[in-house]
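Engineer: Here are the chains, one letter per residue:
2 protein chains.
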Amino acid sequence: MSFLRTLLKPSYTNNLNSKTHFPFSPSSSLLHTFLKNYSTSEKYGGLGPTKPEEKPRVVVLGSGWAGCRMIKDIDTKVYDIICVSPRNHMVFTPLLASTCVGTLEFRSVAEPIARIQPAISEQPGSSYFLANCTNVDPKDHLVHCETVTDGAKSLDPWKFKLSYDKLIIASGAEASTFGINGVHEHAIFLREVHHAQEIRRKLLLNLMLSDIPGIAEEEKKRLLHCVVVGGGPTGVEFSGELSDFILKDVHQRYAHVKDYIHVTLIEANEILSSFDDRLRHYAVNQLTKSGVRLVRGVVKDVQPDKLILSDGSEVPYGLLVWSTGVGPSTFVKNLGFPKSPGGRIGIDDWLRVPSVEDVYAIGDCAGFLESTGRQVLPALAQVAERQGKYVARLLNRVAKAGGGHANSTKDVDIGEPFVYRHLGSMATIGSYKALVDIRQSKDAKGLSLKGFPSWFIWRSAYLTRVISWRNRFYVAINWLTTLLVGRDISRI
Amino acid sequence: MSFLRTLLKPSYTNNLNSKTHFPFSPSSSLLHTFLKNYSTSEKYGGLGPTKPEEKPRVVVLGSGWAGCRMIKDIDTKVYDIICVSPRNHMVFTPLLASTCVGTLEFRSVAEPIARIQPAISEQPGSSYFLANCTNVDPKDHLVHCETVTDGAKSLDPWKFKLSYDKLIIASGAEASTFGINGVHEHAIFLREVHHAQEIRRKLLLNLMLSDIPGIAEEEKKRLLHCVVVGGGPTGVEFSGELSDFILKDVHQRYAHVKDYIHVTLIEANEILSSFDDRLRHYAVNQLTKSGVRLVRGVVKDVQPDKLILSDGSEVPYGLLVWSTGVGPSTFVKNLGFPKSPGGRIGIDDWLRVPSVEDVYAIGDCAGFLESTGRQVLPALAQVAERQGKYVARLLNRVAKAGGGHANSTKDVDIGEPFVYRHLGSMATIGSYKALVDIRQSKDAKGLSLKGFPSWFIWRSAYLTRVISWRNRFYVAINWLTTLLVGRDISRI
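Protein chains in written order, with our numbering: chain A, 2 to 493; chain B, 2 to 493.
A couple of the hints might just be wrong.
Note that the list lumps identical chains together, so a pair holds whenever it fits in one copy or between two copies.
Restricting the straight-line Cα-Cα distance to at most 16 Å, the calculated cross-link-like pairs of lysine to aspartate or glutamate (EDC-like) are [unchecked claim]:
hint, residue 1, residue 2
1, Lys340, Glu55
2, Lys401, Glu55
3, Lys78, Asp312
4, Lys249, Glu386
5, Lys307, Glu193
6, Lys301, Asp312
No lab work stands behind these hints: they were computed from the structure.
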């Protein structure tokens, strides 16, 4: 079987110039025939099942907090690890808002998967594949994938199958739009580095266009009106960063238009609703002081240059950032697994998908089944990270007990169920100020902090959580240069 | 007249919330009427002529080496300065090749115009406009411009006119394709930051796709074949950077495909033809040693995944970088001025366009008229920079002698003609090696260096020439981290 595996994954075979020597050199006709037999389409390769004497294969779908923590902690001496994701890096989401205005560089908040788990690039059985999973076939322990070619002209998307011994679904969630017309077309989300890049380009474009001679007053005001919809931590942090940028850098570098630029934060209920009341009032005061207009309203319709609220009022905008939380992705909706309340993949106390063998779901795409009697956990980085860590430990234990291969965990002790302990919430609100709410739940008692001390805690906490030393170093350097010479405004 | 100017440039007028007070607040109907009268289209504003008691206005077209050096050196106490360019930053071109493979960050090689000349963002009469110049009307001392909206959906390009007292055309050149079919569609140039970003994205995409299971051997080899056309300094430096990236980072981070990736440099004549023979041979040896295949050939046709040489041979490629030098841009071709040999804007010994008043041309878009008896200077950063410096000094002197306003230089002594003294050429060839050729011309005697010492000179020379301290610092930090932890491979 091993030659078949070699055929199926020709990246490990040698070419004529290669210095490594394999016992045989596969002829291309044999490869072709095999691929034809293996699948329905000619363009269809894959990785076949592992043999009992080989390392079992863990396939992870996704490269967010959950997937990457899992990839980092898995024992690569006992497992081969395959990661399938449309992006080859993890985004350090809590710092993403800072990259939009140039406080941080984009690359400082992106951690390549190969740096998180070096085995991915070094070990022959481990790999990262730039692809989306299109379907899961739990009966045959197979996932169907399709490459992401990103509009590259000369490439068709390439389909392939992967056999897994263990499957970890950590594919995340999608931004909620509540079915509001025009959100996808005209608003920008703030979930990926390319979103931050788009926001930055648009913001700088609008700043420059508003200075062109002959532009009408109304148009100028519209271009420089930045609207954020959604008053959760992301929306509040972005508004805070934006007002810092305006107060410091726009006043200095775009002095001509400084009186025209405004930030409006629209929220249907209360901002930072999960935080302590006292902290929330503090946040409202601080944001208002730094010029952010807080509007309570419900968005009904989004048009190219204005949005319509449910009371009929119109809000012209030049930049619209949408951060109203997340919901289940189309991929998750289409999977045939039972669902948790809220439509996530239903999991049991051990984060397993209980109806099938060897499938786990973690992070924003997973929620406890109603039958567990447990609440669905919030879509937070700390939940995802803890779940990734838990599953890695569980799988390491399973493999050591001889249950690493497919359909072999029946008699293995998988240990204690997953327990989540909330470590508190943090959010920055600009002007070197932040909120830290260290309570177990909304109604519990506990420590809550605000102002500069908590901003300092926030920065330090994040600095030590940025995964690689390289990025910790760059984040520190970026913060230092922003403090000393201001934010960079080149629109590249 | 001053209220008209205010109307024409409403960025300096106040809005209702503004704290600055102007003697009047222009009604929008007045503005509208004025704009209608001023131009043929309703969407047409601009800056009218300066009055004798106002500072004269210098308009610079372009933000490359020539334009930015000019902007930096102009005396903003005697002139208002307006820069019109499709990009708000200068690209530090000698280091651009390093950004493609992640040795340097993109932003480390981009210098915002507002950082080069702070008056641009601080003084009310000085500005940067994100626009292209579409035409020059030297009789009326006017330039016609159109905003660059970069595909922003809700914005039409906006036309406006600028009156100038002095006009500096520094709009640069365009990449030469010699009319070869398919170059614009399939090859990537290496002249702007967005080109480097595109090369990087494509290179990383190909590296990842080539590792997908089931891919055919031929396709894998094609995807990982990087072809560079043009053996001048840009092509050689990029090939060198690419081979460094392959030898160090690909071997480590993409170990699965390391034996498939190759670099081919195609040149019709000799590589680095302007350099000393001995240096050229050294470069050929070094490049070959680090795995770059040097091919002498002429490209006849470029297809989506292969190029055809004039001897009929086919070269499949995954990445194609085109760096065969530059020629006159469409804008320059369409200008009604007499041309130099090679089709550039013809200039006299003082870099003036002699047929008209108050127009200067510098950098790659300008060449000495045949009547001057001087040779057209090569399209080099050092030529452009020296010309920018010269014109700034000339104009500062003119203003102090009372000739700053339009049509008033007739009786002013404008000083000595421009003299160019070549300071030598430098090129890196990868593996911490470089060539330095300090000779006045190809046939002259002089110092030429190679190897590590000249690489060190090259790095130091560039570090001190990067304009701002911020970027000098970032370039040093980038080099340090590349040396210590390798290049970043996140595809963002």
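Engineer: Have a look at lysine 78 and aspartate 312 and pick one of within, between, both or neither, based on CA distance no larger than 16 Å.
Structural biologist: neither (61 Å within a copy, 53 Å between copies)
Engineer: I want to check one pair: lysine 401 and glutamate 55. Are their C-alpha atoms no more than 16 Å apart within a copy, between two copies, both, or neither?
Structural biologist: For lysine 401 and glutamate 55, the Cα distance is within 16 Å only inside one copy (14 Å; across copies 83 Å).
Engineer: Give the relationship of lysine 307 and glutamate 193 under a CA distance limit of 16 Å: within one copy only, between copies only, both, or neither.
Structural biologist: Answer is neither; intra-copy 24 Å and inter-copy 34 Å both fail.
Engineer: Reference check for the pair lysine 340 and glutamate 55, CA-CA at most 16 Å: within, between, both, or neither?
Structural biologist: Classified as neither: same-chain Cα gap 34 Å, cross-chain 72 Å, threshold 16 Å.
Engineer: Evaluate lysine 301 and aspartate 312 at a C-alpha cut-off of 16 Å and name the case that applies: within, between, both or neither.
Structural biologist: Close inside one copy (9 Å), not across copies (64 Å); limit 16 Å.
Engineer: Evaluate lysine 249 and glutamate 386 at a C-alpha cut-off of 16 Å and name the case that applies: within, between, both or neither.
Structural biologist: Neither way: lysine 249 and glutamate 386 sit 35 Å apart in one copy and 32 Å across, limit 16 Å.
Figure legend: structure checked against the earlier numbered hints; hints not met, in rising order: 1, 3, 4, 5.
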